[in-house]
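Q: Let the hints inform the model, and build the full structure from the sequences given.
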Amino acid sequence: MFDLIIVGASAAGLSASVYAARRRMNFKIISADIGGEVATSGEIENWPGVIHTDGVALADQFKAHALANKVIIDEGKWVGDIKKEGNIFLISGKNPDGSAFEVTSKSVLVATGVHPRELGVPGEKEFRNKGVSYCTVCDGPLFSGQTVATIGGGKFI
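For the sequence shown, full-length UniProt numbering gives the first residue as 1, with consecutive numbering after it.
You may find that some hints are simply not true.
[As the list claims (entries may be wrong)] For each label pair, taking beta carbons as the anchor points, the in silico distance ranges come out as:
{"hint": "1", "residue 1": "Arg117", "residue 2": "Glu43", "range": "18 to 26 Å"}
{"hint": "2", "residue 1": "Thr150", "residue 2": "Ala100", "range": "41 to 49 Å"}
{"hint": "3", "residue 1": "Gly49", "residue 2": "Ser92", "range": "33 to 41 Å"}
{"hint": "4", "residue 1": "Gly120", "residue 2": "Pro141", "range": "21 to 29 Å"}
{"hint": "5", "residue 1": "Lys94", "residue 2": "Asn69", "range": "35 to 43 Å"}
{"hint": "6", "residue 1": "Lys84", "residue 2": "Glu45", "range": "39 to 47 Å"}
[Claimed, not checked] In silico lysine-lysine, BS3-like type, Cα no more than 27 Å apart, as pairs:
{"hint": "7", "residue 1": "Lys28", "residue 2": "Lys63"}
{"hint": "8", "residue 1": "Lys106", "residue 2": "Lys84"}
{"hint": "9", "residue 1": "Lys28", "residue 2": "Lys106"}
{"hint": "10", "residue 1": "Lys83", "residue 2": "Lys106"}
{"hint": "11", "residue 1": "Lys28", "residue 2": "Lys70"}
{"hint": "12", "residue 1": "Lys63", "residue 2": "Lys130"}
{"hint": "13", "residue 1": "Lys70", "residue 2": "Lys106"}
{"hint": "14", "residue 1": "Lys84", "residue 2": "Lys94"}
{"hint": "15", "residue 1": "Lys77", "residue 2": "Lys106"}
{"hint": "16", "residue 1": "Lys125", "residue 2": "Lys63"}
{"hint": "17", "residue 1": "Lys94", "residue 2": "Lys77"}
{"hint": "18", "residue 1": "Lys125", "residue 2": "Lys77"}
{"hint": "19", "residue 1": "Lys77", "residue 2": "Lys28"}
{"hint": "20", "residue 1": "Lys125", "residue 2": "Lys106"}
{"hint": "21", "residue 1": "Lys94", "residue 2": "Lys130"}
{"hint": "22", "residue 1": "Lys83", "residue 2": "Lys28"}
{"hint": "23", "residue 1": "Lys94", "residue 2": "Lys28"}
{"hint": "24", "residue 1": "Lys94", "residue 2": "Lys83"}
{"hint": "25", "residue 1": "Lys63", "residue 2": "Lys94"}
{"hint": "26", "residue 1": "Lys28", "residue 2": "Lys84"}
{"hint": "27", "residue 1": "Lys94", "residue 2": "Lys106"}
{"hint": "28", "residue 1": "Lys63", "residue 2": "Lys106"}
To be clear, the hints were calculated from the coordinates, so they are not data collected in a lab. Fair warning: this is a prediction, and the values are worked out from it, not measured in the lab. Each residue gets a CB set at the ideal place from its N, CA and C atoms; glycine is no exception.
A: Here it is, written out as structure tokens:
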């Protein structure tokens, strides 16, 4: 049994893993992929201490930091269910080969992040991070002085 299972290797999940490792907790990360939304971002110019980078490079730095602290990352796994039975959490899901897995833990941190709602219009995928953006606060300065269209806004605008 683990002290902690971190579901998701987003920026929050990987950051939490470094703290858990420093506390010498018995834990691991279970995640389908590494980096969360950061990994799908184009140019990043708002990360403190880093003037300019891209999402893949920043996600790689997050992963390297976790691995330097000997964090175990079960990559490629999908968590499908988390149940609490008494004081124990039962975490289950699918391995990359489709077989089932199940682990128990005293605590769970869900850090699965967010994913933008796509419109599904022609060209959207091809132009992601090349004119199509999903964060006005993050990417607005990239389009300063240009004519833009904002479609949608979810619950944050």
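Q: Return the numbers of the hints above that this structure violates; sort them in rising order.
A: Failing hints, ascending: 5, 20 and 21.
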